[in-house]
Amino acid sequence: MRANQHTDFEKPRGVSHVEVRHGYAQVHVSGIAGNLTRERLSILRAVADSEISIDFLKLTQSGLSFLVAEGRSEDIEAALSPLELHFSIRKGRSIVLVHAVNMRDEEGLIARIVRDVILSGATVSHIGDMHNRMLMVVDSAEAERVADQFRESLVEAAR
Amino acid sequence: MKIKVMKFGGTSVATAEARMTSALRVISAKEQGFDPVVVVSAMGRRGQPYATDTLIGLLKEIDPTVGPDPRELDLLIACGEIFSAVIFAHTLKTLGHPAQAFRGGQAGIRTDGVYGNARIVSINPASLVKSIEGGFIPVVCGFQGVWVPPYNPPGGELTTLGRGGSDTTASALGAAMGADAVEIFTDVDGVKTADPDYVPEAPTLRKVTYDEVAEIAHLGAKVLHPRAAEVAMKFGIPLWVKNTFSDDEGTEIVPREDFPGRRVTGVTHTGKLVYLLFDLKEASEGERTVLEGRIYEQMAQHGVNLFMLNLSPSGTGFAVPRSQYTLVQDILDGLVMPVGQAIFLFQIGGASREVETQARLLEPLGPIKRVVAELTENCTMVSLVGHEYLQQPGVFLAVLETLIDAQIPVLQTSDSDFSLSVLIPESETHRAVKLLHDRFELAEVR
Numbered sequence: 001m002r003a004n005q006h007t008d009f010e011k012p013r014g015v016s017h018v019e020v021r022h023g024y025a026q027v028h029v030s031g032i033a034g035n036l037t038r039e040r041l042s043i044l045r046a047v048a049d050s051e052i053s054i055d056f057l058k059l060t061q062s063g064l065s066f067l068v069a070e071g072r073s074e075d076i077e078a079a080l081s082p083l084e085l086h087f088s089i090r091k092g093r094s095i096v097l098v099h100a101v102n103m104r105d106e107e108g109l110i111a112r113i114v115r116d117v118i119l120s121g122a123t124v125s126h127i128g129d130m131h132n133r134m135l136m137v138v139d140s141a142e143a144e145r146v147a148d149q150f151r152e153s154l155v156e157a158a159r
Numbered sequence: 001m002k003i004k005v006m007k008f009g010g011t012s013v014a015t016a017e018a019r020m021t022s023a024l025r026v027i028s029a030k031e032q033g034f035d036p037v038v039v040v041s042a043m044g045r046r047g048q049p050y051a052t053d054t055l056i057g058l059l060k061e062i063d064p065t066v067g068p069d070p071r072e073l074d075l076l077i078a079c080g081e082i083f084s085a086v087i088f089a090h091t092l093k094t095l096g097h098p099a100q101a102f103r104g105g106q107a108g109i110r111t112d113g114v115y116g117n118a119r120i121v122s123i124n125p126a127s128l129v130k131s132i133e134g135g136f137i138p139v140v141c142g143f144q145g146v147w148v149p150p151y152n153p154p155g156g157e158l159t160t161l162g163r164g165g166s167d168t169t170a171s172a173l174g175a176a177m178g179a180d181a182v183e184i185f186t187d188v189d190g191v192k193t194a195d196p197d198y199v200p201e202a203p204t205l206r207k208v209t210y211d212e213v214a215e216i217a218h219l220g221a222k223v224l225h226p227r228a229a230e231v232a233m234k235f236g237i238p239l240w241v242k243n244t245f246s247d248d249e250g251t252e253i254v255p256r257e258d259f260p261g262r263r264v265t266g267v268t269h270t271g272k273l274v275y276l277l278f279d280l281k282e283a284s285e286g287e288r289t290v291l292e293g294r295i296y297e298q299m300a301q302h303g304v305n306l307f308m309l310n311l312s313p314s315g316t317g318f319a320v321p322r323s324q325y326t327l328v329q330d331i332l333d334g335l336v337m338p339v340g341q342a343i344f345l346f347q348i349g350g351a352s353r354e355v356e357t358q359a360r361l362l363e364p365l366g367p368i369k370r371v372v373a374e375l376t377e378n379c380t381m382v383s384l385v386g387h388e389y390l391q392q393p394g395v396f397l398a399v400l401e402t403l404i405d406a407q408i409p410v411l412q413t414s415d416s417d418f419s420l421s422v423l424i425p426e427s428e429t430h431r432a433v434k435l436l437h438d439r440f441e442l443a444e445v446r
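If you're matching them up, the sequences are chains C and P in order.
So the first sequence is numbered by the working numbering: it starts at 1 and just counts up by one.
So the second sequence is numbered by the working numbering: it starts at 1 and just counts up by one.
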């Protein structure tokens with residue numbers, strides 16, 4: 001037993017680190033005119049039937065958006081083309097992940113991160129949140145710069 | 001020393017009979033050669049005399065419109081655990097096993113200075129070690145610690161750890177004392193695949209990883225607090241969730257490498273939320289960026305918690321806790337934002353009298369662009385939690401198809417490495433949890 005020890009236990013409050021994951025393509029389907037809900041399902045079915053994994057699904061006002069591995073861009077195009085919907089595939093996308101433990105319990109923390117992200121001037125095409133991280137989709141060319149900016153403004157601010 | 005930390009939740013210490021059952025478990029551990037360190041929650045749940053909610057109610061009774069000071073509130077609600085620890089220690093004594101009660105600070109638990117939601121920064125368990133060496137069973141108040149401010153007041157300032165804080169106390173004490181095991185005793189058999197109130201046949205998971213249990217806990221399962229799982233994971237402490245009132249073996253929580261494999265772990269639900277979807281189509285791209293920045297600035301300034309964010313060329317959206325919705329409405333409804341030459345007027349849901357008054361007042365200045373937030377009240381978040389499973393092709397489809405085929409509207413989604421969440425109307429929570437539990441055959445999980 002280790003008595004009389006002082007040990008750091010819990011993760012520190014606020015943003016702990018920023019990470020970048022490269023190698024994604026962003027698929028954005030928009031302008032669905034018919035039954036939006038059913039059309040969304042038919043899109044996801046076509047993607048699943050092609051054995052393509054997706055990440056970061058977001059429902060938009062006239063369609064949906066998600067990420068696939070960049071190497072599956074041609075497969076996703078082949079899967080969606082027969083549906084005759086308006087879609088775009090943007091290769092060269094990265095996810096910037098801002099990690100902060102229990103962030104949904106920290107009043108205003110998520111809003112502060114989003115505000116800083118938007119005001120940083122980075123072109124963020126999508127954003128999402130879980131209990132311990134925020135995810136932002138950006139151009140790969142911008143990703144490291146954006147991540148560095150966040151490291152400076154968010155991680156340092158938390159210390 | 002062969003330390004076993006045993007934490008007993010509210011129902012395990014609520015009555016004399018329950019305390020006796022819990023105390024006998026402690027004695028049994030001692031007879032098996034362990035040195036038990038007990039951690040207790042306040043006695044009982046909402047409505048019972050010494051439960052935390054009951055103590056808070058004493059302040060509300062004075063004047064519900066005046067919020068208590070966080071420092072004073074912590075002093076009050078920590079009393080629940082002090083009562084509980086003293087009574088539990090005395091119960092052990094009556095059974096022939098000398099015991100000593102300790103406040104969090106006396107147990108050496110130091111925290112940061114955030115009243116009501118403090119984080120443990122260090123533990124010096126010397127007093128607990130001395131107690132064990134003296135032949136006592138230490139009984140520690142969960143949920144509390146001491147912050148030592150720079151001006152160093154004698155004894156420091158009492159702080160509480162926030163929701164589920166007693167679990168965190170147990171886990172952290174286990175780490176500080178190099179425990180052989182930490183056992184969290186509650187009134188269910190362990191971690192289940194879903195809330196048994198919604199899915200009575202939901203089985204108890206025999207083994208889960210720290211990651212999975214933290215995810216399940218973050219996303220609504222109330223059986224173990226996620227901070228406790230995170231501390232146990234960081235220090236590799238063997239962790240169990242068990243039922244005080246049954247001999248079920250419970251759930252063992254282990255490192256990822258000890259329980260590999262692809263699986264769905266469970267379905268959870270959490271939150272009473274309001275979803276706001278801002279239509280920014282009237283704004284140019286430059287204006288949209290400014291407007292979004294200001295919306296989030298307002299939310300940040302007022303400490304609003306956001307969930308299920310979405311940002312797209314046509315607008316932005318998020319959910320807020322229902323308890324904070326009135327604040328959001330007060331901030332945004334009728335808010336006027338000039339951006340360059342344009343004037344934007346915010347409207348939350350249908351046009352209120354305030355919004356129409358603002359519009360009339362602004363008329364002389366030229367055309368006003370409205371930013372209307374579509375409002376969906378009474379939402380909740382239902383999540384599928386899994387291990388190396390959710391990235392498989394077709395999982396999103398299976399979740400959405402299951403819900404949509406049952407006419408359950410899905411307002412937004414969110415996903416991580418371990419979970420996939422959907423925002424749905426709260427009235428559909430029961431059905432959604434049951435349907436997903438059935439769809440992923442979780443009744444078969446062991």
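One should not assume that every hint holds.
Calculated pairs, DSS-like style, for lysine-lysine (alpha carbon to alpha carbon, straight line, at most 25 Å) [unchecked claim]:
#, chain 1, residue 1, chain 2, residue 2
1, P, Lys-60, P, Lys-30
2, C, Lys-11, P, Lys-130
3, P, Lys-234, P, Lys-222
4, C, Lys-11, P, Lys-234
5, P, Lys-2, P, Lys-234
6, P, Lys-93, P, Lys-60
Worth flagging that the hints you see were computed from the coordinates, not collected in a lab.
Keep in mind the model is a prediction, meaning the values are calculated, not measured.
For each hint, the structure was consulted:
{"no.": "1", "hint": "P:Lys-60 with P:Lys-30", "in the structure": "42 Å, violated"}
{"no.": "2", "hint": "C:Lys-11 with P:Lys-130", "in the structure": "29 Å, violated"}
{"no.": "3", "hint": "P:Lys-234 with P:Lys-222", "in the structure": "21 Å, holds"}
{"no.": "4", "hint": "C:Lys-11 with P:Lys-234", "in the structure": "9 Å, holds"}
{"no.": "5", "hint": "P:Lys-2 with P:Lys-234", "in the structure": "20 Å, holds"}
{"no.": "6", "hint": "P:Lys-93 with P:Lys-60", "in the structure": "36 Å, violated"}
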